[in-house]
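Undergrad: Using the sequences provided together with the hints, build the complete structure.
Chain residues, written in single-letter form:
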Amino acid sequence: MTTKTPPVPRSQSRPRKGGWESQWVGLLFVLPFMLGLTVFFIGPILAVPIMSLFEWVLPRLPEWTGLGNYTRMTTDREVTHSVWITVLFVVMLVPTNIILALGLALLLNIKTRAAGFFRMALFSPVVVPLVAWALVWRFVLQPDFGLVNVLLGKLGIQGPNWLYEAPWALIAVVICLVIEHVGMNMLIFLGALQNVPAEVHEAAKIDGANSRQIFFKVTLPLMSPTVFLTVIVTIIGALKSFAPIYVLTGGNDAASVLMVQMWKQGFKYFDFGYASALSWLIFLAMLTLTFLQWQLRKRWVFYES
Amino acid sequence: MNLDFPRLRLLSSSMYYLVMIVLAIPFLFPTLWMLTASLKSDQEIFQNPLALIPQSISWDNFTRIFHDYPFAAQYVNSVYIAVVVTALTLIIGALAGYGFARLNFPGKDLMFILCLSAMMLPSEALSIPQFALFKFLGINNTHLPIILLQIFGGTGALAVFMMRQHFLTLPRELDEAALMDGLDRWGIFWRIMLPLARPVLVAVGIFAFLNSWNDYFNPLVYLNSSEQYTLPLGLQTFTDPLGGVFWNLTLAASTLSTLPLLLAFLVAQKQFVQSMVGSSVKG
Numbered sequence: 001m002t003t004k005t006p007p008v009p010r011s012q013s014r015p016r017k018g019g020w021e022s023q024w025v026g027l028l029f030v031l032p033f034m035l036g037l038t039v040f041f042i043g044p045i046l047a048v049p050i051m052s053l054f055e056w057v058l059p060r061l062p063e064w065t066g067l068g069n070y071t072r073m074t075t076d077r078e079v080t081h082s083v084w085i086t087v088l089f090v091v092m093l094v095p096t097n098i099i100l101a102l103g104l105a106l107l108l109n110i111k112t113r114a115a116g117f118f119r120m121a122l123f124s125p126v127v128v129p130l131v132a133w134a135l136v137w138r139f140v141l142q143p144d145f146g147l148v149n150v151l152l153g154k155l156g157i158q159g160p161n162w163l164y165e166a167p168w169a170l171i172a173v174v175i176c177l178v179i180e181h182v183g184m185n186m187l188i189f190l191g192a193l194q195n196v197p198a199e200v201h202e203a204a205k206i207d208g209a210n211s212r213q214i215f216f217k218v219t220l221p222l223m224s225p226t227v228f229l230t231v232i233v234t235i236i237g238a239l240k241s242f243a244p245i246y247v248l249t250g251g252n253d254a255a256s257v258l259m260v261q262m263w264k265q266g267f268k269y270f271d272f273g274y275a276s277a278l279s280w281l282i283f284l285a286m287l288t289l290t291f292l293q294w295q296l297r298k299r300w301v302f303y304e305s
Numbered sequence: 001m002n003l004d005f006p007r008l009r010l011l012s013s014s015m016y017y018l019v020m021i022v023l024a025i026p027f028l029f030p031t032l033w034m035l036t037a038s039l040k041s042d043q044e045i046f047q048n049p050l051a052l053i054p055q056s057i058s059w060d061n062f063t064r065i066f067h068d069y070p071f072a073a074q075y076v077n078s079v080y081i082a083v084v085v086t087a088l089t090l091i092i093g094a095l096a097g098y099g100f101a102r103l104n105f106p107g108k109d110l111m112f113i114l115c116l117s118a119m120m121l122p123s124e125a126l127s128i129p130q131f132a133l134f135k136f137l138g139i140n141n142t143h144l145p146i147i148l149l150q151i152f153g154g155t156g157a158l159a160v161f162m163m164r165q166h167f168l169t170l171p172r173e174l175d176e177a178a179l180m181d182g183l184d185r186w187g188i189f190w191r192i193m194l195p196l197a198r199p200v201l202v203a204v205g206i207f208a209f210l211n212s213w214n215d216y217f218n219p220l221v222y223l224n225s226s227e228q229y230t231l232p233l234g235l236q237t238f239t240d241p242l243g244g245v246f247w248n249l250t251l252a253a254s255t256l257s258t259l260p261l262l263l264a265f266l267v268a269q270k271q272f273v274q275s276m277v278g279s280s281v282k283g
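Chains as they are written, first to last, in full-length UniProt numbering: chain F, 1 to 305; chain D, 1 to 283.
Hints are supplied without guarantee of correctness; some may be wrong.
With a cut-off of at most 30 Å between alpha-carbon atoms, the simulated BS3-like pairs for lysine-lysine come out as follows [unchecked claim]:
no., chain 1, residue 1, chain 2, residue 2
1, F, K240, F, K298
2, F, K240, D, K108
3, D, K135, F, K240
4, F, K111, F, K205
5, F, K298, F, K205
6, D, K135, F, K268
7, D, K135, F, K264
Calculated from the structure, these hints are not laboratory results.
TA: In structure tokens, the structure reads:
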């Protein structure tokens, strides 16, 4: 078959943007979502800093107080305590989650016949509803007849009142949450691990690298963009945890992170202005941590290019 | 591909299994224990908390939660809210995802950045103005705020993002060929793009359903009668007037709130895992 004149390339017959088709069509597609987002999300985001400048305790009317709520925070023992608890919580939860997830991913990456079963077992808590999971833990950690203290009793140890005593309450919450959620990060790391090309390892081995060197100098750098994203998402998730902490501890001081404190001020005392100021504090913490991560990322995140 | 870590290789395979089994215990035990403890009688649950297998199986707890408490109504509430949230999230998210991926319009970049910020920021920290807004609209104490906040909060934004990422991967020629054939944008979306997006729709659907099923904060803020409660709140209502918890009833109810998800997970494990992980890694 002889070739005739080549067909006109597609790009030449393509109609110019905004020609026959209105440039507004796209807007119609995103409109339902953007309308809802504006009313229920962006509006409230703008309202939070404004509301935080008022003293507004229901059912009274709001009254201008300027930075009053913020100065009140600095002397409020309950709030400064919450800030401290939140820092501890994030510092305990995030590294535990990430390191455990990495370790489990490495173990699961060894191909065995039961790999599928173990992967499923370690992931399964992700599927259990958060509140059901937290309730089971609350029962297991009951001071008198809870499983853990009964077991400790058999060993002759008087177990603490896990969910009400510092520092046990925070430790218990962290353990409960890490086991519930680590499966997600584990699977993400497993995926990243399996994307590391085998030749790279071969090459490193031929050059005489030992297993630790291969992991820290080759595998981990190749996975670092994934680890970076996971760390950010895990920090944000930690800062917004509310349900499991509230269900486990009922919001007592031993584990009252900022989110719990905000809920207390807003929906227990109906101190809306003050609660808004606390919301703003949570936002700022998140933005700061994400920004810091972003800056530090140049130090350790490795991008192949 | 198999990672070649000599030290890990040194672990004999029986050692490996031992380590894995010990590691799996804290992951599996709470769920297993919840399932079996929910079959224990009032006395047994306190007398012998260590026993994983109940001495006598009593289905009593399950009949009691339906008889003596509005648990059936709470179950229905959770199911219908999750179904409505999932359906609307899929439709609205797919529409917006297609718009962001394939079409140009004024303000697109700004809108997409707003969408991303909604994905990252915690909607819980917006609850004060949201509460004031719903109070102003007069729909507090209904299910409406819970549904709306799921669809247009973080979950909805995540859905839009995931749909956009997917539509970006489909070849442009598809749209163009369809345009040539005389389909309009709506027709392309509905007849070509949506059927091709089935894997992402499943992933988004799983996310939306789970997030709605797990939502605790919003029902806690907006609902105040136990007939209106969804499961996460309902699970905490099995108490005597002094606040003592009927643990066997609580665990039976928890079992019933977990079982459908667990069964779905066991049946469609691969799909579940792939959709959750695939969507979060793509970025």
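Undergrad: Give me the numbers of the hints this structure contradicts, sorted from smallest to largest.
TA: none
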